[in-house]
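Visitor: As you go down the protein sequences, you meet chains A, B, C and D in turn. To get the working numbering, take the position in the first sequence, counting from 1, and add 1362. To get the working numbering, take the position in the second sequence, counting from 1, and add 1362. To get the working numbering, take the position in the third sequence, counting from 1, and add 1362. To get the working numbering, take the position in the fourth sequence, counting from 1, and add 1362.
Incorrect hints may appear among the rest.
Identical chains share a label here; the pair holds if one copy fits it or two copies do between them.
[What the hints assert, rightly or not] Subject to a maximum C-alpha distance of 27 angstroms in a straight line, what follows is the list of computed DSSO-like cross-link-like pairs (lysine-lysine):
hint, residue 1, residue 2
1, Lys-1704, Lys-1724
2, Lys-1623, Lys-1563
3, Lys-1482, Lys-1434
4, Lys-1434, Lys-1364
5, Lys-1584, Lys-1724
6, Lys-1584, Lys-1530
7, Lys-1546, Lys-1703
8, Lys-1563, Lys-1434
9, Lys-1530, Lys-1516
10, Lys-1516, Lys-1623
11, Lys-1584, Lys-1415
12, Lys-1482, Lys-1584
13, Lys-1415, Lys-1530
Think of the hints as simulated: they come from the structure by calculation, not from any bench.
Listed here are the chains, written in short residue letters.
4 protein chains.
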Amino acid sequence: MKTIAIVISARASYSRIRSALIHLSHASGVNLRIVIVASGSSNRFGNLEDFIKRDGLEIAWKIDSQLDTSHKASMAKTVGLTLLGLTDYLMNLQIDGVVVIADRHETIAASISGSFLGIKTFHIQGGERTGNIDDKVRYANSHLSDYHFVSNQKALERLIDCGIDPTKIFVTGCPSLDSVPVNKFDFEKIPSFTGIGLSSKEVFIGEYLVVIQHPETTSNLKSASQISPTIDAIDAVGIPALWIWPNSDLGGDEIVGEIRKAREHGQLKGVHFERSVEPEIFLRILDGAACVIGNSSVALRECSLIGTPAVNIGGRQRDRDHGSNVLSVQYDSDEIREAIKKQMSHGRFAPEFIYGSGESGKLISRLIQEIA
Amino acid sequence: MKTIAIVISARASYSRIRSALIHLSHASGVNLRIVIVASGSSNRFGNLEDFIKRDGLEIAWKIDSQLDTSHKASMAKTVGLTLLGLTDYLMNLQIDGVVVIADRHETIAASISGSFLGIKTFHIQGGERTGNIDDKVRYANSHLSDYHFVSNQKALERLIDCGIDPTKIFVTGCPSLDSVPVNKFDFEKIPSFTGIGLSSKEVFIGEYLVVIQHPETTSNLKSASQISPTIDAIDAVGIPALWIWPNSDLGGDEIVGEIRKAREHGQLKGVHFERSVEPEIFLRILDGAACVIGNSSVALRECSLIGTPAVNIGGRQRDRDHGSNVLSVQYDSDEIREAIKKQMSHGRFAPEFIYGSGESGKLISRLIQEIA
Amino acid sequence: MKTIAIVISARASYSRIRSALIHLSHASGVNLRIVIVASGSSNRFGNLEDFIKRDGLEIAWKIDSQLDTSHKASMAKTVGLTLLGLTDYLMNLQIDGVVVIADRHETIAASISGSFLGIKTFHIQGGERTGNIDDKVRYANSHLSDYHFVSNQKALERLIDCGIDPTKIFVTGCPSLDSVPVNKFDFEKIPSFTGIGLSSKEVFIGEYLVVIQHPETTSNLKSASQISPTIDAIDAVGIPALWIWPNSDLGGDEIVGEIRKAREHGQLKGVHFERSVEPEIFLRILDGAACVIGNSSVALRECSLIGTPAVNIGGRQRDRDHGSNVLSVQYDSDEIREAIKKQMSHGRFAPEFIYGSGESGKLISRLIQEIA
Amino acid sequence: MKTIAIVISARASYSRIRSALIHLSHASGVNLRIVIVASGSSNRFGNLEDFIKRDGLEIAWKIDSQLDTSHKASMAKTVGLTLLGLTDYLMNLQIDGVVVIADRHETIAASISGSFLGIKTFHIQGGERTGNIDDKVRYANSHLSDYHFVSNQKALERLIDCGIDPTKIFVTGCPSLDSVPVNKFDFEKIPSFTGIGLSSKEVFIGEYLVVIQHPETTSNLKSASQISPTIDAIDAVGIPALWIWPNSDLGGDEIVGEIRKAREHGQLKGVHFERSVEPEIFLRILDGAACVIGNSSVALRECSLIGTPAVNIGGRQRDRDHGSNVLSVQYDSDEIREAIKKQMSHGRFAPEFIYGSGESGKLISRLIQEIA
């Protein structure tokens, strides 16, 4: 019997690993221990706990380690607190393996804790490139970890170039894409949301946009100035939109403030705002969207398989591998508006298999059982 | 005026950067801020503070972050505490650049803190290979850092392979070798030490050995069993030796315990034990030594330039570049004894320039002033 | 020259010590070191930093230690983080005395850090009673501290009963009341605020209320249910009001949520909402108010000297000494409404000297210089 | 079913609560959760874990939170780390009650964590007086806790004077004395110890002394100077002695250093040194001792019931209630020597019931079940 801990620090990270967890939870030789930390343990950033429970999975441990995000020191200290708490848990539970997901800043706490305690450490999504602080964390995670489940051949090659032992790298595809094929747009299956602005039903009834834009922490541009062009462009295009609030990275609060201010000045009247959306529902929404706008990786990853047109703003995803569905633009209101129009007139793209094809959760689950 | 913080976590790390610090301290455009953390702030592991002050340098800040080393969680939690304390300091002082030294486990706190706060982060000694947990930390540090001062061409190439921007990597050599040429063996200049065992003078009067062996944290062999063969071999060879106590890594306490036990059983009568030795004095001692035994990197680095024969035990330095002065053996008393004899009968080797040639502190100081 | 550190964790705490700080900052033998921590270091809870700077005082150090308040563990962990950071600061700066203010949960970090490091620790506002978790913290602070500056004779007697050395307790009155006499209501001196709702000028033009209600953390009633009766009562009374958002204690977020919801449902149209108000301005506003409603201590302390009628809701101030200006009620909309009407029809009360008479900052400053 | 957490931070604390734990572990309605923290989790300070397991009790959780004790900041930071770790545990386990033991510096982490999370907090040994930093912590613990199990009527009265609710204070006696009556001196039942110096058997064969002296952290005298007079006096008296190493408080390391130095200079030849002794065995040894010397509370507490003569050195126990068996002296070698002689010539005292009479563990166990 092997005890495997999965450290999840945000809702988006959960959907990156979800299908693998469901497989692991049914494996007879595995005690699955889901540990939620940092922004994942805080209601302010979408209720991760409920999403996990709705999938029939149990949360084994919760580490309240998210600092108030208006602090400049928030990211570094959240890592410190997560590291302290995680180390207690991993030691006391006699864990055989730790799974570290992708590249959010606080994930480095999991790879340090696992490797410094001498526990087998598995990293998901190594070898990709995005072009910001996530790159730093993702590569640091790869070096600290022992085994690597990567999305594609290109990622594998990058890790080998880094001097990582090739016998410990496995091309599995990314589990986040496992649920793409089965979650098509279906108006009946999209629930009413409770956020503010236009009602969500009013959004989905016809042609609609999806906006999701996080702070670009390495940009010289202030977070507030990063979001204004998008606000103006969405208003100018004039099509209903679902807008997901930004994450808890430094600058997230300023973006929220800017959006609130815009609303008080009468802008964004055709928008429904939501903190977060259940992953499967979100895939259905992406499938039905006329265009996805912002700087979320879903536009490059999930949407490459779905075929939804996307407008990628600024440098947050600069170096990430992507399909022909993505059109990249600067923080410029006119550019964004024109790109949305161009993408909408093109319409749906053909699916591309850049990040896996739908079986990766099963494969990762098997490999972990084998190795741990 | 640029404010540059240097984070030092152990005496050995200080000697890796010392010559660069002395140059920086004289630079007119630089506020140098030496921050000592973790085992560097604890008297239990050699008085780092005094070594620094004796060089005319000032300690700007001290973070007491070393956990009791008998804990299994000590390494991970020491990183957590260091990270929390360092983040406060770097934020409050408005630091322009942070210098991260090499690969000790707690150095990752400095590279996380610097990079997550958006401060320019400089890493020394990236791109080398040693074959244990230090590798993980060293490469993670490289990925988290912005600028890289490396020892040689081979290290540069490894970092480029990792995808690190080649314009930000500089082959400077390692400052730890800057003081090699000027510190020749001279009996008159070696002070009397205060440690236990044989008097130090009795050691240096004739032919002598130097032993310095730290716990190999990734070995399956218990720390206690790692040291026994060395104890037996040193006794068997029967030549006076200077023995430096191990560092604070997990297992260090067990090694200390084993040595104490051996002494109580009448072994190691020809040995003088010392917590640590001032770097310049230590170079003189290495220069005069008949053979250096253990698993310290000095045997591979400094001694490659000095030419002192070395016996390297176990896997702690497995993949580190080294010169022809090094003979590697297993944790086996007979093997160690034979290797010492063989090396002693060979005598001094010709100097090799694998880690720089003596000007690297000056070069690093100039580059930091230019870039920060 | 004595170095004195003052640890401030919230805007309200600052006004408790402000006049003493201004005197200390002019004292020739004192290096004053203002350290802001916890919610005081976070913009989310009113900009403490600006308030301090506006008084011509300098912030020496800032410890970002406020956890996200949606965590249940937020209070305990914020104490832990503050304690770690403060200990680094107090040790490095060679502090001669630490001043601990009153009873907010995170203040215990200051009294632990000071006393465990053997620094003379001064506590302000010991010996009072309020009847909730603040009592626990206030008394713990008294026992951990060495010297005590208390508001009145009754507080002195309570500390003596606790076994505290009577020669170390000084009845100084509370500095927070020092600025009461000089800050009368004057419409011209009240700036326009930038918060939401009714404009602040519309509030102050005629008769107005002031509302300030924090979560009562020891109540069985949910925070959301604690605030609804107040919302209803303020609407029912129908007089313009200035409403200060709640503090960062557990439950503060729920209260904010409830108020936002009420506003979206068309309630509280006659209210101006403000995060926080500069202390001196706030005194002017209290002086002009027809009635102060909620559970802030200003209603019992400052307003006892001003004479402003107050309606005190729930148990948060249960055991606090107060004057005849205070009428206490339950969390009941009708009760609150009737109490407001009754207090308004009574009008201004005569000043009572329960918490000092206006010279306490000067006295405390002298005592600290004498003792430290 | 109630889940009760007991936080134990040192071997000495364990023996203060042991008999209550054994009763609680047999109670059908109780899930007992023993949590070991701080020096209790470190092998350096006596193997607490083994003592607990030998009693058939299980350790539920371990928090490695002891900092290296050579740091000046060690005490404050150990509290910070313990508080962070304990908060995670108490929250995740849904604890109904927390038991806080006595007054060691790190116990304040337990009372903060329990009270700030709103868990019923039980404190043992409140209301006593000893006259040093322990007093501060003990009283702070009392104020932070909800229920109080005290040793005697005098302690009860002191807590009532502090304003603590009399209905929540119970005079139970101290569980540490429960095992006094059944553990008489019996040479056959005292095992051979493994410490250094004279063999333990050589000590117990005839008349012997017991020495146990911790650093007095509030004394102006350096720790090293505190211990020298004792060393000299023990040598002068010339009777075999069992000497227990000091605890991990600040200064403990210096005392250890002084003792080691004395031994290297040929002193203390008639002494057996031991890190710690199993509580029941220790009672047998105290029962047989001619005199107990130092500043441990066992001399005042357990020995008042046993009747063993004691010489209490310095101010560490200054204000603690004690029986006629105790003779107090200064840090003066002559005074100590004379006092030992005087006490030895008096011989055994009559038992006094100052800290309970042997049933207190049972009573505490019942009360906790009733209240939690």
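Visitor: Now, for every hint given, state plainly whether the structure supports it.
Guide: For each hint, the structure was consulted:
| no. | hint | result |
| --- | --- | --- |
| 1 | Lys-1704 - Lys-1724 | neither (38 angstroms within a copy, 56 angstroms between copies) |
| 2 | Lys-1623 - Lys-1563 | both (24 angstroms within a copy, 21 angstroms between copies) |
| 3 | Lys-1482 - Lys-1434 | between (33 angstroms within a copy, 16 angstroms between copies) |
| 4 | Lys-1434 - Lys-1364 | between (40 angstroms within a copy, 21 angstroms between copies) |
| 5 | Lys-1584 - Lys-1724 | neither (42 angstroms within a copy, 37 angstroms between copies) |
| 6 | Lys-1584 - Lys-1530 | between (41 angstroms within a copy, 25 angstroms between copies) |
| 7 | Lys-1546 - Lys-1703 | within (23 angstroms within a copy, 60 angstroms between copies) |
| 8 | Lys-1563 - Lys-1434 | neither (38 angstroms within a copy, 34 angstroms between copies) |
| 9 | Lys-1530 - Lys-1516 | both (15 angstroms within a copy, 24 angstroms between copies) |
| 10 | Lys-1516 - Lys-1623 | neither (43 angstroms within a copy, 50 angstroms between copies) |
| 11 | Lys-1584 - Lys-1415 | between (37 angstroms within a copy, 24 angstroms between copies) |
| 12 | Lys-1482 - Lys-1584 | between (40 angstroms within a copy, 19 angstroms between copies) |
| 13 | Lys-1415 - Lys-1530 | neither (32 angstroms within a copy, 40 angstroms between copies) |
Checked against the numbered hints above, the structure violates hints 1, 5, 8, 10, 13; every other hint is satisfied.
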